[in-house]
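**Student:** Residues in the sequence shown are numbered consecutively from 15, following my numbering.
Rather than coming from a laboratory, the hints here were simulated on the basis of the structure.
Fair warning: this is a prediction, and the values are worked out from it, not measured in the lab.
Possibly wrong hints are sitting among the right ones.
[To be verified] The following label-pair restraints were derived from C-beta to C-beta distances:
| hint | residue 1 | residue 2 | range |
| --- | --- | --- | --- |
| 1 | 303 | 126 | 31 to 41 Å |
| 2 | 278 | 44 | 54 to 64 Å |
| 3 | 251 | 167 | 15 to 25 Å |
Think of the CB as a built atom: it goes at the ideal place given N, C-alpha and C, for glycine as much as any other residue.
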Amino acid sequence: MNLIRDAFSTYKVTYRNKPKCIAKYILRGLIHRKPLKRLNDNFKHGERRQVFRNQPEFALKAMRPYLRTGLTRMKAVEVVVNHHEWLDANIKPVARQAIYQHGLTLHTFDIGEEHFEIKLLFLDSYRREGELTLALCDSTGNKRYVITFVVHGGDVYVGGVQGSVDHDNFSRRFTKTVYGIRPKAFVVEALRILINYYGIKNCYAVKNSAHVYSDTRYKKKLNFNYDQLWLEQNGFEYNQWYYRLPITSERKAIELVKRPKRKMYRERYAWLDQLNKELKIELDNISIM
Numbered sequence: 015m016n017l018i019r020d021a022f023s024t025y026k027v028t029y030r031n032k033p034k035c036i037a038k039y040i041l042r043g044l045i046h047r048k049p050l051k052r053l054n055d056n057f058k059h060g061e062r063r064q065v066f067r068n069q070p071e072f073a074l075k076a077m078r079p080y081l082r083t084g085l086t087r088m089k090a091v092e093v094v095v096n097h098h099e100w101l102d103a104n105i106k107p108v109a110r111q112a113i114y115q116h117g118l119t120l121h122t123f124d125i126g127e128e129h130f131e132i133k134l135l136f137l138d139s140y141r142r143e144g145e146l147t148l149a150l151c152d153s154t155g156n157k158r159y160v161i162t163f164v165v166h167g168g169d170v171y172v173g174g175v176q177g178s179v180d181h182d183n184f185s186r187r188f189t190k191t192v193y194g195i196r197p198k199a200f201v202v203e204a205l206r207i208l209i210n211y212y213g214i215k216n217c218y219a220v221k222n223s224a225h226v227y228s229d230t231r232y233k234k235k236l237n238f239n240y241d242q243l244w245l246e247q248n249g250f251e252y253n254q255w256y257y258r259l260p261i262t263s264e265r266k267a268i269e270l271v272k273r274p275k276r277k278m279y280r281e282r283y284a285w286l287d288q289l290n291k292e293l294k295i296e297l298d299n300i301s302i303m
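Full structure from sequences and hints, please.
**Tutor:** In structure tokens form, the structure reads like this:
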């Protein structure tokens, strides 16, 4: 492992503070040499080298806070390696390459006159919050809502959820058209379909206080209330870092719903059932059976 060479390779494109970034990379690499070596040993060869093309700072997962507060650098590397082992075992090579390069479109659907896509992506902008991003995109490719996660030890860990700036009342339009389902709840529902398809048993979702950007290194103000979303999804506090979410969403008995809303709930559940069927067909096409 050559830290100087790797540092210059990581920052070979123009960076505003390129010399400073290179120096910090080398210093961090010396401090976290063991986890960095393990990461490099697993990703510097074969198909996995692709991750460095999409995320030039991929190696920093071994040197910076990752996924949640309090995760050691070596444990973070273990999570990353295990996730990509799962990906290799379950997703076909051509689909993996699409995810790494430009994103893989899992499903398309129309709402009124609007067209939407559900995509799986490997994005640099969410690199601290997980490895895979499930995105709800509009017809122009804008990511309206995303949920970022890893698969580790047979379980899913959600590290982040983000929505785009709602300058055009997208959330309101989407919710009204899709039978009362808000976009942020929709991406959770789509993730649940993946979880059940691949036989994953547990879903753990990060708390506000444990979000990676709550780490003392960053201390960024979160603009998203994770705890509230997880409680709305019938999650319960699992430990100091995570809520545990049901892997299937709970449905109200129609007879218990107020009469004026019964039609909407019937249509919502029918729409979700159809989405489930169609998305599973798409997953059949990309999965190693």
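**Student:** Confirm or reject each hint.
**Tutor:** Hint by hint, here is what the structure shows:
| no. | hint | result |
| --- | --- | --- |
| 1 | 303 <-> 126: 31 to 41 Å | holds (36 Å) |
| 2 | 278 <-> 44: 54 to 64 Å | holds (59 Å) |
| 3 | 251 <-> 167: 15 to 25 Å | holds (20 Å) |
In summary, the structure agrees with every hint in the numbered list given earlier.
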